[in-house]
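Take these sequences, add in the hints, and give me the full structure.
Spelled out, the chains give:
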Amino acid sequence: MYGFEALTFNIHGGYLEAIVRGHRARLLTAADYNNLCQCETLEDIKMHLSATEYGPYLQNEPSPLHTTTIVEKCTLKLVDDYKHMLCQATEPLSTFLEYITYGHMIDNVVLIVTGTLHERDVQELLEKCHPLGMFDSIASLAVAQNMRELYRLVLVDTPLAPYFSDCITSEDLDDMNIEIMRNTLYKAYLEDFYKFCQKLGGATAEIMSDLLAFEADRRAVNITINSIGTELTRDDRKKLYSNFGLLYPYGHEELAVSEDIDQVRAVMEKYPPYQSIFAKLSFGESQMLDKAFNEEEVKRLCLAFDQQFHYAVFFAYMRLREQEVRNLMWISECVAQNQKSRVHDSVVFIF
Amino acid sequence: MDYIDNLPPMDLMRSEKMTFVQLIMPVESAHRAVCYLGELGLLQFRDMNDDKSPFQRTFANQVKRCAEMSRKLRFFKDQINKAGLVCSPCLAFQPDIELEELEAQLAEHEHELNEMNSNSEKLQQTYNELLEFKIVLQKACGFLASSHSHAAIEERELDEHAYSNSDDYVEGASLLEQETRPASSNQSGLRFVSGIVCKSKVLRFERMLFRATRGNMFFNQAPADEQIMDPISTEMVEKTVFVVFFSGEQARLKILKICEAFGAHCYPVPEDIHKHRQITREVSSRLVDLEATLDAGIRHRNKALASIEGHLAKWINMVRREKAVYDTLNMLNFDVTKKCLVGEGWCPIFAKTQIQEALRRATFDSSSQVGIIFHPMDAVESPPTYFRTNRFTSAFQEIVDAYGVARYQEANPSVYTVITFPFLFAVMFGDWGHGICLLLGALFLIARESKLCTQKLGSFMEMLFGGRYVLLLMALFSIYCGLVYNEFFSVPFHIFGRSAYECRDTSCRDAQTAGLLKRHDTYPFGVDPSWRGSRSELAFLNSLKMKMSILLGVVQMNLGILISYFNARFFGNSVDIRYQFVPQMIFLNSLFGYLSLLIIVKWCTGSQADLYHVMIYMFLSPTDNLGENQLFWGQRFIQIVLLLLALVAVPWMLFPKPFILKKLHTARYQGHAYGRLNTSEMDLEVEPDSARARQHHEEFNFSEVFVHQMIHSIEFVLGAVSNTASYLRLWALSLAHSELSTVFYEKVLLLAWGYDNLIIRLVGLAVFSFATAFILLMMETLSAFLHALRLHWVEFQNKFYHGDGYKFRPFSFASLAEDDD
Numbered sequence: 001m002y003g004f005e006a007l008t009f010n011i012h013g014g015y016l017e018a019i020v021r022g023h024r025a026r027l028l029t030a031a032d033y034n035n036l037c038q039c040e041t042l043e044d045i046k047m048h049l050s051a052t053e054y055g056p057y058l059q060n061e062p063s064p065l066h067t068t069t070i071v072e073k074c075t076l077k078l079v080d081d082y083k084h085m086l087c088q089a090t091e092p093l094s095t096f097l098e099y100i101t102y103g104h105m106i107d108n109v110v111l112i113v114t115g116t117l118h119e120r121d122v123q124e125l126l127e128k129c130h131p132l133g134m135f136d137s138i139a140s141l142a143v144a145q146n147m148r149e150l151y152r153l154v155l156v157d158t159p160l161a162p163y164f165s166d167c168i169t170s171e172d173l174d175d176m177n178i179e180i181m182r183n184t185l186y187k188a189y190l191e192d193f194y195k196f197c198q199k200l201g202g203a204t205a206e207i208m209s210d211l212l213a214f215e216a217d218r219r220a221v222n223i224t225i226n227s228i229g230t231e232l233t234r235d236d237r238k239k240l241y242s243n244f245g246l247l248y249p250y251g252h253e254e255l256a257v258s259e260d261i262d263q264v265r266a267v268m269e270k271y272p273p274y275q276s277i278f279a280k281l282s283f284g285e286s287q288m289l290d291k292a293f294n295e296e297e298v299k300r301l302c303l304a305f306d307q308q309f310h311y312a313v314f315f316a317y318m319r320l321r322e323q324e325v326r327n328l329m330w331i332s333e334c335v336a337q338n339q340k341s342r343v344h345d346s347v348v349f350i351f
Numbered sequence: 001m002d003y004i005d006n007l008p009p010m011d012l013m014r015s016e017k018m019t020f021v022q023l024i025m026p027v028e029s030a031h032r033a034v035c036y037l038g039e040l041g042l043l044q045f046r047d048m049n050d051d052k053s054p055f056q057r058t059f060a061n062q063v064k065r066c067a068e069m070s071r072k073l074r075f076f077k078d079q080i081n082k083a084g085l086v087c088s089p090c091l092a093f094q095p096d097i098e099l100e101e102l103e104a105q106l107a108e109h110e111h112e113l114n115e116m117n118s119n120s121e122k123l124q125q126t127y128n129e130l131l132e133f134k135i136v137l138q139k140a141c142g143f144l145a146s147s148h149s150h151a152a153i154e155e156r157e158l159d160e161h162a163y164s165n166s167d168d169y170v171e172g173a174s175l176l177e178q179e180t181r182p183a184s185s186n187q188s189g190l191r192f193v194s195g196i197v198c199k200s201k202v203l204r205f206e207r208m209l210f211r212a213t214r215g216n217m218f219f220n221q222a223p224a225d226e227q228i229m230d231p232i233s234t235e236m237v238e239k240t241v242f243v244v245f246f247s248g249e250q251a252r253l254k255i256l257k258i259c260e261a262f263g264a265h266c267y268p269v270p271e272d273i274h275k276h277r278q279i280t281r282e283v284s285s286r287l288v289d290l291e292a293t294l295d296a297g298i299r300h301r302n303k304a305l306a307s308i309e310g311h312l313a314k315w316i317n318m319v320r321r322e323k324a325v326y327d328t329l330n331m332l333n334f335d336v337t338k339k340c341l342v343g344e345g346w347c348p349i350f351a352k353t354q355i356q357e358a359l360r361r362a363t364f365d366s367s368s369q370v371g372i373i374f375h376p377m378d379a380v381e382s383p384p385t386y387f388r389t390n391r392f393t394s395a396f397q398e399i400v401d402a403y404g405v406a407r408y409q410e411a412n413p414s415v416y417t418v419i420t421f422p423f424l425f426a427v428m429f430g431d432w433g434h435g436i437c438l439l440l441g442a443l444f445l446i447a448r449e450s451k452l453c454t455q456k457l458g459s460f461m462e463m464l465f466g467g468r469y470v471l472l473l474m475a476l477f478s479i480y481c482g483l484v485y486n487e488f489f490s491v492p493f494h495i496f497g498r499s500a501y502e503c504r505d506t507s508c509r510d511a512q513t514a515g516l517l518k519r520h521d522t523y524p525f526g527v528d529p530s531w532r533g534s535r536s537e538l539a540f541l542n543s544l545k546m547k548m549s550i551l552l553g554v555v556q557m558n559l560g561i562l563i564s565y566f567n568a569r570f571f572g573n574s575v576d577i578r579y580q581f582v583p584q585m586i587f588l589n590s591l592f593g594y595l596s597l598l599i600i601v602k603w604c605t606g607s608q609a610d611l612y613h614v615m616i617y618m619f620l621s622p623t624d625n626l627g628e629n630q631l632f633w634g635q636r637f638i639q640i641v642l643l644l645l646a647l648v649a650v651p652w653m654l655f656p657k658p659f660i661l662k663k664l665h666t667a668r669y670q671g672h673a674y675g676r677l678n679t680s681e682m683d684l685e686v687e688p689d690s691a692r693a694r695q696h697h698e699e700f701n702f703s704e705v706f707v708h709q710m711i712h713s714i715e716f717v718l719g720a721v722s723n724t725a726s727y728l729r730l731w732a733l734s735l736a737h738s739e740l741s742t743v744f745y746e747k748v749l750l751l752a753w754g755y756d757n758l759i760i761r762l763v764g765l766a767v768f769s770f771a772t773a774f775i776l777l778m779m780e781t782l783s784a785f786l787h788a789l790r791l792h793w794v795e796f797q798n799k800f801y802h803g804d805g806y807k808f809r810p811f812s813f814a815s816l817a818e819d820d821d
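Sequence order for the protein chains is Z and S.
By full-length UniProt numbering, the letter at position 110 of the first sequence is numbered 110, and the numbering carries on one by one without gaps.
By full-length UniProt numbering, the letter at position 88 of the second sequence is numbered 88, and the numbering carries on one by one without gaps.
FYI, nobody ran anything at the bench for these hints, they're computed from the structure.
Among the hints, a few may not be true.
[Claimed, not checked] Residues of chain Z placed beyond 10 angstroms of chain S at every Cβ, according to the derived structure:
id, residue
1, Leu7
2, Thr8
3, Cys39
4, His48
5, Asp80
6, Tyr82
7, Lys83
8, Gly115
9, Glu119
10, Val143
11, Ser276
12, Ala279
[Claimed, not checked] Covered stretches of chain S, going by a simulated chain Z footprint (3 or more residues, C-beta under 8 angstroms):
id, segment
13, 50–60
14, 248–260
15, 616–630
16, 752–765
[Stated by the list, open to error] Keeping only pairs whose Cα atoms sit at most 25 angstroms apart, straight-line, the calculated BS3-like set for lysine-lysine is:
id, chain 1, residue 1, chain 2, residue 2
17, Z, Lys340, S, Lys64
18, Z, Lys77, S, Lys77
19, Z, Lys270, Z, Lys238
20, Z, Lys77, S, Lys64
21, S, Lys52, Z, Lys340
All residues carry an ideal CB built from backbone N, CA and C; glycine is no exception.
This is how it looks when you write it as structure tokens:
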């Protein structure tokens with residue numbers, strides 16, 4: 001039905017698209033960030049945010065503010081937005097919206113499992129979980145001793161269950177194979193999401209495949225960089241790359257054998273869209289890579305709003321809001337720790 | 001002309017004269033001065049720190065403090081609402097307190113409340129635990145009794161288990177931990193864990209237990225009789241008691257972990273009957289104690305809250321004012337010496353003395369050495385529009401403002417709207433029965449005015465209440481129009497004497513066929529009731545109402561054009577008078593003014609002439625003989641003259657004005673470089689409006705002006721036709737209203753009355769009254785209202801009204817309270 005979305009899209013999706021575009025319009029702008037960066041204390045940040053969408057969420061916080069409170073309340077706003085949209089959504093949009101949260105679910109599972117491995121308190125871990133990735137029995141993850149139990153006890157009830165087929169082993173959990181599990185799950189999730197978007201067709205498929213491909217490639221680069229110098233074999237490494245995206249398949253071959261950051265860079269520079277990202281970095285540097293990727297992602301997400309009648313705007317909005325919350329966290333951390341010179345290190349302006 | 005100038009001034013006609021003023025206040029008296037100005041509410045401050053973000057402004061700290069205080073106040077309010085105290089305005093005398101004092105007080109109260117809350121929360125938690133324990137004891141006993149017979153070994157173990165716990169559980173520490181203390185003795189055999197879990201989680205809990213133990217467990221559950229209060233959300237939660245039987249240490253660890261994950265509380269239950277009884281007794285007695293403590297705590301807290309509540313309204317008001325004052329102070333600038341605050345703003349000229357008085361008072365009260373300087377300045381931007389309305393005119397002003405706020409000093413249409421709006425409404429809603437219903441409603445609202453305006457109304461009632469005087473006039477006029485139409489729920493009445501018509505004979509058999517005879521004088525007021533039900537009723541009423549609509553429309557449009565003359569005169573804009581007002585007047589009146597004349601002549605002479613024919617052939621063949629349609633002598637000649645005048649008027653209003661503007665412009669800026677000083681006097685008289693505007697952008701774009709003028713002319717010419725036609729909605733709506741009410745009266749009420757059955761009659765009456773209330777009184781009122789609104793906004797106001805001004809928003813404490821609610 002490509003090209004004919006305009007005919008029928010608004011029957012079910014029109015209201016929510018209007019809502020999400022309204023939300024997008026209230027994202028903080030560069031002017032807001034400039035003002036926020038000039039703040040002296042967290043109270044100043046609160047005062048500035050009171051004029052924005054976050055105002056009602058922060059206004060009842062008692063005075064000695066903490067960074068965590070600000071981040072928590074800002075995330076709450078995102079969650080409220082999401083829940084509102086999910087309530088209003090019909091199929092297939094509701095499934096699409098649910099897909100967005102699976103990433104957080106994977107992160108939460110990994111967080112809890114790692115936490116219990118290091119014998120942290122479950123309640124404390126639960127507080128750290130992203131509220132979008134919560135599911136009912138998440139607390140009972142702590143019971144599991146190995147992957148098989150993890151799957152059989154808890155995850156079989158969650159939407160993550162199908163992604164688990166590749167990593168059911170009876171090995172005891174340790175940091176390494178938890179990380180491998182995270183990446184295997186993520187790979188399966190991204191591929192599934194990609195397939196789902198292709199099934200939806202139209203502009204959604206077109207834009208989402210672009211956004212997801214970027215995400216997949218970015219993860220591939222991150223996996224490569226993080227696994228340099230570990231005992232992960234080349235084949236194992238290659239197994240963690242998602243089977244789509246710009247780098248698939250030839251880029252993956254080369255990434256799998258890369259042994260240092262400059263080799264990764266050489267691989268990536270063959271792909272024009274990523275050339276600009278690596279052009280910003282000096283050789284041998286990987287610290288700023290995250291920011292460069294984030295900036296590129298934000299640019300792409302903003303572009304998603306240029307087209308109408310597709311679902312990618314919801315994905316883009318959620319991602320942008322998350323980026324915004326990350327920005328706010330960074331700014332408030334910098335302000336709280338008196339490191340204002342570093343404010344610009346990690347803040348990605350959205351507009 | 002002098003006569004017009006000497007007319008007494010109308011308050012509402014022109015907005016108040018404003019002046020731009022500068023205030024220079026010494027720092028020590030600035031706060032008090034702004035306070036007094038807020039009470040006065042007649043000065044609109046201009047934000048001079050537009051480019052600064054809120055926390056960079058001078059008084060950011062004070063604003064923050066106020067925000068913090070209002071947060072505390074919100075917290076108190078929330079607590080009071082939660083405690084369910086009734087908010088009663090405390091009328092006792094309260095001494096004025098300083099803000100600093102208030103801040104300290106609030107902090108103290110908050111601290112106290114928080115402490116009490118945390119105390120009662122702790123107590124509540126202990127209470128909950130005990131209550132849960134009691135419930136578990138009651139319920140689990142049942143399960144255990146059934147399994148008692150075949151569990152001899154485990155009994156001993158559990159006895160010990162319970163024994164070790166029974167003496168210290170009363171200390172109120174976490175019972176869970178004690179229960180989870182590994183039982184050293186028997187590692188094998190059947191054991192159990194009992195506890196309580198949220199009802200909503202039971203199913204998942206059971207499933208998880210089943211999976212974790214691979215089905216090697218037995219799960220028993222029973223709903224708890226009492227609901228337990230969740231300490232965080234203070235909601236009552238339904239819980240379920242469970243007992244899980246299992247074997248093995250591994251399983252026990254797993255089960256305990258799962259319990260923890262699901263927020264299930266585990267409590268030890270002794271199996272021995274005596275122990276059981278003893279513990280139950282102890283728990284119960286302890287519960288009673290705790291309950292008393294809790295109650296006392298709540299009473300204490302409520303007392304504290306009640307004492308806060310008495311002051312709360314006053315405090316909230318005070319903090320709100322204080323915040324507004326600091327927000328306003330933030331709009332001011334420091335001067336170079338940092339000793340004075342400089343503010344700018346608009347105020348009406350009449351308020352100058354009041355403001356000066358307030359400032360003097362502020363200087364005196366703050367015992368400042370230096371007075372506050374208050375002086376007018378020149379401003380570049382145009383002043384805000386401010387009308388002094390009262391409760392009667394404000395609703396009408398709202399109607400006009402909804403379209404657009406008047407330009408500064410522009411003629412204000414609401415002066416006329418006060419009468420024309422309800423009148424045009426009534427033309428469409430003419431029925432004195434319905435009018436009386438509306439009147440009763442309006443009178444009810446007005447009678448309870450003083451009561452209603454203090455309380456909070458719903459959005460719909462708010463609207464009705466705001467428009468109560470509009471409603472009153474609408475009702476009065478619709479009674480008047482109803483009398484003219486002789487309609488009372490569509491029933492004609494002989495109020496003003498005898499009908500002029502009578503039947504030919506006493507039986508009145510041929511009244512519908514042969515018609516009636518006119519025997520008496522014409523019916524003195526309104527429509528003769530005999531028309532009702534006659535064959536020619538519709539034809540007669542339609543012709544009457546259509547002609548009336550056109551007459552009303554032409555009069556109102558003429559009024560609109562006339563106001564544009566007064567506007568031009570007021571602003572000294574002779575170009576507009578000569579090249580806009582005059583041709584517009586000629587064009588409208590030579591066509592539709594003439595039509596109105598024909599209508600009146602026809603009414604007066606009773607002629608049979610066909611006015612459609614006359615009007616159409618006036619354009620098609622103006623030189624033809626009118627024949628039988630001639631209404632008066634020399635009509636053909638007049639028609640030709642009028643037609644020519646109308647044709648001339650179109651280029652007249654199209655071409656000259658842009659050229660003249662261009663000439664004026666070139667004369668001013670290029671021709672004589674030094675001419676401006678000398679001619680400024682004259683220029684101002686000729687066209688001060690555009691002269692002022694051109695101070696900003698001196699570029700004169702001829703094509704733009706010309707296109708603008710063209711659009712205006714075309715709009716007017718076409719509008720003259722379409723607007724006149726638009727006034728026919730008066731007839732159409734009035735027809736619809738009377739036909740609808742006839743249908744309901746005849747086809748429902750009379751039909752039902754025809755049956756000799758009480759039930760049918762009652763049903764008929766009910767349907768009739770519902771239809772009257774909802775369709776005729778509510779929906780028809782709304783539609784007539786909307787059409788009257790349109791006639792004013794479009795047909796009337798487009799003749800003269802610019803509506804591109806902005807409202808005067810003074811800094812005032814009174815409006816502050818409204819905004820907040």
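Evaluated hints:
{"no.": "1", "hint": "Leu7", "in the structure": "holds (33 angstroms)"}
{"no.": "2", "hint": "Thr8", "in the structure": "holds (33 angstroms)"}
{"no.": "3", "hint": "Cys39", "in the structure": "violated (6 angstroms)"}
{"no.": "4", "hint": "His48", "in the structure": "violated (6 angstroms)"}
{"no.": "5", "hint": "Asp80", "in the structure": "holds (17 angstroms)"}
{"no.": "6", "hint": "Tyr82", "in the structure": "holds (22 angstroms)"}
{"no.": "7", "hint": "Lys83", "in the structure": "holds (17 angstroms)"}
{"no.": "8", "hint": "Gly115", "in the structure": "holds (13 angstroms)"}
{"no.": "9", "hint": "Glu119", "in the structure": "holds (12 angstroms)"}
{"no.": "10", "hint": "Val143", "in the structure": "violated (5 angstroms)"}
{"no.": "11", "hint": "Ser276", "in the structure": "holds (33 angstroms)"}
{"no.": "12", "hint": "Ala279", "in the structure": "holds (35 angstroms)"}
{"no.": "13", "hint": "50–60", "in the structure": "holds (count 5)"}
{"no.": "14", "hint": "248–260", "in the structure": "holds (count 4)"}
{"no.": "15", "hint": "616–630", "in the structure": "violated (count 0)"}
{"no.": "16", "hint": "752–765", "in the structure": "violated (count 0)"}
{"no.": "17", "hint": "Lys340(Z) - Lys64(S)", "in the structure": "holds (22 angstroms)"}
{"no.": "18", "hint": "Lys77(Z) - Lys77(S)", "in the structure": "holds (24 angstroms)"}
{"no.": "19", "hint": "Lys270(Z) - Lys238(Z)", "in the structure": "holds (19 angstroms)"}
{"no.": "20", "hint": "Lys77(Z) - Lys64(S)", "in the structure": "holds (23 angstroms)"}
{"no.": "21", "hint": "Lys52(S) - Lys340(Z)", "in the structure": "holds (20 angstroms)"}
In terms of the numbered hints stated before, the structure departs from hints 3, 4, 10, 15 and 16, listed from lowest to highest.
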